[in-house]
Amino acid sequence: MFAAAAAPVFAAVNIAVVKSRDIPAYDEALKGFREALHQKGIEFQEADYTLGEGPSSAASIIAELRSKRPDLILTIGSIATKAVKDKVKDIPVVFCLVLDPVGSGIVPSMESSGSNLTGVSLDIPLSVQFKLIKRVFPDRKRIGVLFNPSENGRIITRAALDADKLGLELVPVKVTSMADVPEAVDTLMPKIDILWAVADSTVLSSQSIQYIIISAIHNGIPFVGFSSAYTKAGAVMAFSLDYRDIGRQAGESASAAISGTPPMNLPIASPRNAGYSLNLNSAKTKGLVIPPAMVKGAREVINE
Amino acid sequence: MKKILVLCLALALMQSGRSFAAESATMEREMLYFEDIPVVSAAKYAQPVSEAPSYVTIITDDQIEKFGYRTLGDALDSVAGLYMVNDRYYNYAGVRGFLRSEDYNTRLLVMIDGHSINEDVYGGAYFDEWSPIDISLVKRIEVVRGPGSALYGSNAFFAVINVITKNADEIKGINTSIAGGSFNTNKETFSYGGSSDDGIKTVVAGSIYNSEGNKKLIFDREDFIAPPAKDVVSENCDYKDAYNTFVKLEKGDYSFSAAASHRLKGIPTGAYLTILNDPESRTEDWRRYLELKYRTRLDSATNLNMRAYFDQYDYVGDYNIDYPPVTLNKDIAMSSSYGSEVSLDLALTDNNRLLLGGEYQDHTNNRLINYDDDPNYFEYLDDSDPRSNSSLYVQDEIKFDGSALTLGLRNDFYTGTTAQLNPRLAYIINPYEAGTLKFLYGRAFRTPSMYEKIYILAGTYKGNEDLRPEVIYNYEMAYEHRLDRTLTCSISMYKYDIHDLIDQIMDPSDGLLVFQNISRVDASGVELTARKEFGPSFYGFLAYANQRAMDASNGSALSNSPENNARAGIVFPVINDKTTLSTQLKHVGSMKTNMNEFTYPYLLADMSLLAKDVFELSAISVSIYNLFDTKYTVPGSPAGVLDKIQQDGRSFTIKVTKEF
Chain A
0 MFAAAAAPVF AAVNIAVVKS RDIPAYDEAL KGFREALHQK GIEFQEADYT LGEGPSSAAS
60 IIAELRSKRP DLILTIGSIA TKAVKDKVKD IPVVFCLVLD PVGSGIVPSM ESSGSNLTGV
120 SLDIPLSVQF KLIKRVFPDR KRIGVLFNPS ENGRIITRAA LDADKLGLEL VPVKVTSMAD
180 VPEAVDTLMP KIDILWAVAD STVLSSQSIQ YIIISAIHNG IPFVGFSSAY TKAGAVMAFS
240 LDYRDIGRQA GESASAAISG TPPMNLPIAS PRNAGYSLNL NSAKTKGLVI PPAMVKGARE
300 VINE
Chain B
0 MKKILVLCLA LALMQSGRSF AAESATMERE MLYFEDIPVV SAAKYAQPVS EAPSYVTIIT
60 DDQIEKFGYR TLGDALDSVA GLYMVNDRYY NYAGVRGFLR SEDYNTRLLV MIDGHSINED
120 VYGGAYFDEW SPIDISLVKR IEVVRGPGSA LYGSNAFFAV INVITKNADE IKGINTSIAG
180 GSFNTNKETF SYGGSSDDGI KTVVAGSIYN SEGNKKLIFD REDFIAPPAK DVVSENCDYK
240 DAYNTFVKLE KGDYSFSAAA SHRLKGIPTG AYLTILNDPE SRTEDWRRYL ELKYRTRLDS
300 ATNLNMRAYF DQYDYVGDYN IDYPPVTLNK DIAMSSSYGS EVSLDLALTD NNRLLLGGEY
360 QDHTNNRLIN YDDDPNYFEY LDDSDPRSNS SLYVQDEIKF DGSALTLGLR NDFYTGTTAQ
420 LNPRLAYIIN PYEAGTLKFL YGRAFRTPSM YEKIYILAGT YKGNEDLRPE VIYNYEMAYE
480 HRLDRTLTCS ISMYKYDIHD LIDQIMDPSD GLLVFQNISR VDASGVELTA RKEFGPSFYG
540 FLAYANQRAM DASNGSALSN SPENNARAGI VFPVINDKTT LSTQLKHVGS MKTNMNEFTY
600 PYLLADMSLL AKDVFELSAI SVSIYNLFDT KYTVPGSPAG VLDKIQQDGR SFTIKVTKEF
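So the protein sequences, as listed, match chains A and B.
Going by numbering that gives the first Met the number 0, the first residue of the first sequence is number 0, and it counts up by one from there.
Going by numbering that gives the first Met the number 0, the first residue of the second sequence is number 0, and it counts up by one from there.
These are calculated hints, taken from the structure and not from any lab test.
Take these hints with a grain of salt, some might be off.
Listed next, the in silico DSSO-like pairs over lysine-lysine satisfying Cα-Cα at most 27 Å (straight line) [said to hold, decoys possible]: (1) A:130 x B:577; (2) B:215 x A:133; (3) A:190 x A:130; (4) B:531 x A:285; (5) A:285 x B:138; (6) A:190 x A:140; (7) B:577 x B:138; (8) A:140 x B:611; (9) B:292 x A:190; (10) B:611 x A:285; (11) A:295 x A:285; (12) A:173 x B:171; (13) B:250 x B:138; (14) B:329 x B:215; (15) A:190 x B:657; (16) A:231 x B:531; (17) B:215 x B:630; (18) A:164 x B:214; (19) B:171 x A:285; (20) B:611 x A:133; (21) A:130 x A:88; (22) A:140 x A:285; (23) A:140 x A:173; (24) A:164 x B:611; (25) A:133 x A:67; (26) B:657 x B:138; (27) B:611 x B:577.
In isolation and in its complexed conformation, chain A is listed as follows:
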């Protein structure tokens, strides 16, 4: 006689959610996380925490986590992830919406954390970004980027290699303070065909963003941002992420961890649903014609 195989049935699991901050993007990711668990048939109870200002807030949350010992911790954002990672070593931790988890020291490599961590980063792989840039602007080769070496040195080094593989030339310009940005922009403009932005707090202040976008318009250089806010603000193109789907990805990793797979065996994932938005008005003012196939493939098109 053979025993019939039964679908796994999970008892309700306790999941703690720790957010770096209270913002809509994190809430979207959390919704996606919940959807993924529901889809996997996982019943769970959820306790939500949001970090306040200063280190003491994290300490009290950690203390409570240690006391309540959830089955899994979801962290959203770098600060929450770092706070939990340093103090909780014996509970699976799944993170999401974390920028450059390797560069920020959260994991040693994307292949494995070597510990109780796994998750989904916030970064669209550089090769994906450059491939999309190349398809949207097929005749443009020189990609300029402003960066602070202390924030993005490692990324820019990798980006130069990835760009070169695609026949593109990365033209990086270093800035070490916000005051350097206007001159750096003016120096960079004549040497490039596209201005590409990386998340750099030295380069991208609320005032400098305006200056950069205006300079790009003035010089006829398309500006490529890393969130759809940039196309709304006037950039020709910006990458856009589906935060809800990133949350779903994190939920799928959590489901595997809950099923018994050690987090160190689950590679860190990049967002699988990266897209881009276009501002055709900005493109038109520069006399740019975006290939229609790329216009059709855009997640969002601004045309008024």
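Knowing the structure of chain A, use the given hints to seat chain B on it.
Then chain B, alone, in the frame of chain A:
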């Protein structure tokens, strides 16, 4: 011990502080993904076509290259409502059914990077091989139909055509080309674009053109104003040599541009009383200008634009006239002028943009000379027309939810003429996301040119210093619909009235030709365009115009005015995106001539094959014009001997380009 403890505590605090600071920096970077960014209004520097308070057509460098346009005239001939007429002397652009022979395009304002290239003698702008820049240097052409005097003053009567040149980064190195083709034509072009380490962007460009033209023209006797006994042959008279040079330097807020061009043309048609079939009769034109611009952002809401410029135009005509005896008549024109303009571009709010400006021009050295030189010297004309003009203008654009209102006003003060106040109004509505509806009204004027006022030629022409400016009132409704992201359709319906039109008539008292404010023109029409993009090198367009332009005094149709003209073009890839084939069809309806005859309607087909990155060359193109060798004529000038002028049959050009 205490000191050690304090030191350890300090180090620990520093370390935790550094950690906290490092985490804050990380958070800050991460938060950049989620922050809203204030919208930068692109209207501060440029406007999307849908927002422009006019009916606008853009011709891109991609279209210029793929359709094989050889000159600005070829490119403009693809626009709905425009049609080019070549009297084998100059190219004239008819706009919305209006074209006057020998008006030298004075009712169009033509600019290169915002600098007017209309010269000071005839008010003319020229679209053939000697325009100040070569077609290969053109980034795009903006054709703004309708009166533009509210911003630009005189000459912006029917349309404003702004030619935008490529910048140094778009040329990127050295670009050379050699072209040859029918009529023993050859053309060499050169352009360089580069940037220095200290940020100076440089463009240097030039072209040289030589053509023997149609070496043997046979003019049908029926095409003459006074038909001769038999057909007339004109040999070796249609030649043309031209060159142009252009320099543009840009650094920061400053830019400097300079251009010089020259043309030598034979006169094959017996114009200006010249002996038909005399290759010694010729004309030369020179055009030069310098311009220095300064554009800066005073703050986040204010832009300051300043420019100063100097222009020169010279003309020499050698006319062999058989009075009798055969006499060399010299026709000379010279002009130089300088001017300056200042404007402030203010974003009063996110939805209100105000433009204020003023301009001053001094035309100091304008002079017309005409005399018989050989065998007997006799001077007919040596006169000048010094004048100055100044203007003030204002334009306010106000955006509402789903609509925008533009109000413009310019007052021009000319020496010896009453001031001209020109308003402009545009109301733009977006009734739904994909649609734009524009209601447009404008008044424009054109001051009489020096040529119209004072020219005298050998008992044929006389001057009229009492000429008044002519005025046009234009009413227009335009609608654009974007069916999807790749298909755009537009329609424009317009009506215009021209008062005090300056036209050339024969004074019955002395039989001399003279310009007078005698006419009033009423016209109305509709223009339809559609453009579809199938892929990066696969697109097509359709353009159709129906227009009726009449002399309001008697209801008769104007000469040089086809009731219908249509264009269609398609570009598609062959093998891959780097090789394209284009076809363009041009239909022009019948046109009344000055002798009240009619030309036949005609349909022309052009084809161009462009291959990029082949045989170690950057591009090779083969273009065939008038593919089916259609025989057609256009109306001649009342001052010439031909009522209809035969145009060229099939011709070809092969062009090879190499970039370094």
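Now for the hints, and whether the structure bears them out:
{"no.": "1", "hint": "A:130 x B:577", "result": "holds, 20 Å"}
{"no.": "2", "hint": "B:215 x A:133", "result": "violated, 52 Å"}
{"no.": "3", "hint": "A:190 x A:130", "result": "holds, 21 Å"}
{"no.": "4", "hint": "B:531 x A:285", "result": "holds, 20 Å"}
{"no.": "5", "hint": "A:285 x B:138", "result": "holds, 10 Å"}
{"no.": "6", "hint": "A:190 x A:140", "result": "holds, 11 Å"}
{"no.": "7", "hint": "B:577 x B:138", "result": "holds, 19 Å"}
{"no.": "8", "hint": "A:140 x B:611", "result": "holds, 17 Å"}
{"no.": "9", "hint": "B:292 x A:190", "result": "holds, 22 Å"}
{"no.": "10", "hint": "B:611 x A:285", "result": "holds, 23 Å"}
{"no.": "11", "hint": "A:295 x A:285", "result": "holds, 20 Å"}
{"no.": "12", "hint": "A:173 x B:171", "result": "holds, 24 Å"}
{"no.": "13", "hint": "B:250 x B:138", "result": "holds, 20 Å"}
{"no.": "14", "hint": "B:329 x B:215", "result": "holds, 26 Å"}
{"no.": "15", "hint": "A:190 x B:657", "result": "holds, 22 Å"}
{"no.": "16", "hint": "A:231 x B:531", "result": "holds, 26 Å"}
{"no.": "17", "hint": "B:215 x B:630", "result": "holds, 15 Å"}
{"no.": "18", "hint": "A:164 x B:214", "result": "violated, 56 Å"}
{"no.": "19", "hint": "B:171 x A:285", "result": "holds, 17 Å"}
{"no.": "20", "hint": "B:611 x A:133", "result": "holds, 19 Å"}
{"no.": "21", "hint": "A:130 x A:88", "result": "violated, 38 Å"}
{"no.": "22", "hint": "A:140 x A:285", "result": "holds, 17 Å"}
{"no.": "23", "hint": "A:140 x A:173", "result": "holds, 20 Å"}
{"no.": "24", "hint": "A:164 x B:611", "result": "holds, 23 Å"}
{"no.": "25", "hint": "A:133 x A:67", "result": "violated, 50 Å"}
{"no.": "26", "hint": "B:657 x B:138", "result": "holds, 18 Å"}
{"no.": "27", "hint": "B:611 x B:577", "result": "holds, 5 Å"}
Checked against the numbered hints listed earlier, the structure breaks hints 2, 18, 21 and 25; every other hint is satisfied.
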